[in-house]
Amino acid sequence: MWARILGSAAGGGFPQWNCSCRNCDGARTGRLPVRARTQAALAVSGDRRGWFLVNATPDIGAHLARLAEPAAAAGGGSAGGEARGSTAGGEIRRSPVRAVLLTDAELDHTAGLLSLREGDGLTVYATAAVFRAAAPLLAILGAYQPVLRRVLEPGVDTPLDGYLSVRALPTGSTKLPRYAAHLPADPAGVVGYVFTGRGGAVLVYLPCVPELTPDLVTELEAADCALVDGTCWTDDEMALVGRPEKTSRSMGHAPVTGPGGTLPVLAGLATPRRIYTHLNNTNPLLVEDSAARRAVEAAGVEVAHDGMEFAL
Numbered sequence: 010m011w012a013r014i015l016g017s018a019a020g021g022g023f024p025q026w027n028c029s030c031r032n033c034d035g036a037r038t039g040r041l042p043v044r045a046r047t048q049a050a051l052a053v054s055g056d057r058r059g060w061f062l063v064n065a066t067p068d069i070g071a072h073l074a075r076l077a078e079p080a081a082a083a084g085g086g087s088a089g090g091e092a093r094g095s096t097a098g099g100e101i102r103r104s105p106v107r108a109v110l111l112t113d114a115e116l117d118h119t120a121g122l123l124s125l126r127e128g129d130g131l132t133v134y135a136t137a138a139v140f141r142a143a144a145p146l147l148a149i150l151g152a153y154q155p156v157l158r159r160v161l162e163p164g165v166d167t168p169l170d171g172y173l174s175v176r177a178l179p180t181g182s183t184k185l186p187r188y189a190a191h192l193p194a195d196p197a198g199v200v201g202y203v204f205t206g207r208g209g210a211v212l213v214y215l216p217c218v219p220e221l222t223p224d225l226v227t228e229l230e231a232a233d234c235a236l237v238d239g240t241c242w243t244d245d246e247m248a249l250v251g252r253p254e255k256t257s258r259s260m261g262h263a264p265v266t267g268p269g270g271t272l273p274v275l276a277g278l279a280t281p282r283r284i285y286t287h288l289n290n291t292n293p294l295l296v297e298d299s300a301a302r303r304a305v306e307a308a309g310v311e312v313a314h315d316g317m318e319f320a321l
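The letter at position 103 of the sequence shown is residue 112 when you use the numbering used here, and the numbering goes up by one with no holes.
Fair warning: there could be bad hints in the mix.
[What the hints assert, rightly or not] Here are the simulated EDC-like cross-link-like pairs (lysine to aspartate or glutamate), alpha carbons at most 16 Å apart as the crow flies:
1. K184 - E220
2. K255 - D245
3. K184 - D195
4. K255 - D244
Calculated directly from the structure, the hints in this document are not laboratory data.
Given only the sequences and the hints, what does the whole structure look like? Please build it.
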């Protein structure tokens with residue numbers, strides 16, 4: 010199993026277009042040692058030819074271009090193939106995307122679906138709750154191409170192809186996107202995913218987690234690689250940009266540090282690779298020489314960046 014981190018920032022990316030906080034200003038001026046990041050998305054493959062995208066962000070154009078890049082030296086297998094035919098077979102239009110999996114219906118994770126409208130059909134995996142919330146977007150997409158909906162039952166392993174299976178993992182959040190706020194809360198409305206490769210390797214992707222509960226910790230302990238919500242360093246971080254009412258927890262994200270922070274939990278796991286992703290533009294983890302970055306790395310936890318690839 011191979012995985013590529015296509016994007017590693019929270020909504021708005023980094024630097025965020027309308028933000029002049031210390032991090033964003035430092036990124037634009039070059040005063041801080043930071044990397045630009047697109048909005049969080051992951052690609053997983055069992056053969057490195059066709060990919061399963063986890064979330065379709067507004068940055069999906071850049072993400073698809075990243076899938077066309079030569080494979081990094083993270084493992085074996087051939088790179089550069091496509092899931093749909095080839096020019097040698099007479100097809101001019103083709104795609105490396107076998108399907109899209111949605112963790113929730115937030116625009117940060119679904120708006121990119123509309124950029125896939127030129128295709129001749131798209132398979133989308135999600136829970137029933139996510140499909141209900143995302144219905145307006147999917148209706149628009151369905152006017153341009155067939156959309157095959159594959160409903161995932163939480164806790165049930167579902168084969169994706171001959172190489173991979175996936176299991177939807179409720180995170181404990183019932184947060185709904187604003188455009189779907191009229192719908193009833195549902196514990197399957199925000200999920201993570203557990204991918205299992207044909208050889209038994211396990212990858213857990215949890216970009217939006219309000220708390221690392223004992224059940225979630227058990228899932229992380231059984232994984233070979235865990236990509237975990239690292240949105241905010243502290244719960245009150247948004248006060249730095251004049252939004253004190255928007256705490257990390259109010260947005261559905263457990264902070265990295267402070268009461269109930271995730272870092273002590275991740276530091277205590279034996280999981281071979283533990284990686285923070287979905288980083289907000291205000292997070293000091295973005296700054297590569299920051300005290301926050303040093304503390305996380307000293308705990309054996311990595312910080313995701315766009316283009317990171319690994320084999321399991």
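Check your understanding: Can the restraint linking K184 and D195 be considered satisfied, given a maximum Cα separation of 16 Å?
Key -> holds, 8 Å
Exercise for review: Compare the distance between the alpha carbons of K255 and D245 with 16 Å, and conclude whether the hinted pair is satisfied.
Suggested key: Distance of about 8 Å is within 16 Å: holds.
Exercise for review: Starting from K184, check that the Cα of E220 is at most 16 Å away, please.
Suggested key: It holds: about 13 Å lies between the C-alpha atoms, which stays within 16 Å.
Review point. Does the structure keep K255 and D244 at a Cα separation of 16 Å or less?
Key: At roughly 9 Å apart (the allowed maximum being 16 Å), D244 and K255 satisfy the hint.
In summary, this structure violates none of the numbered hints.
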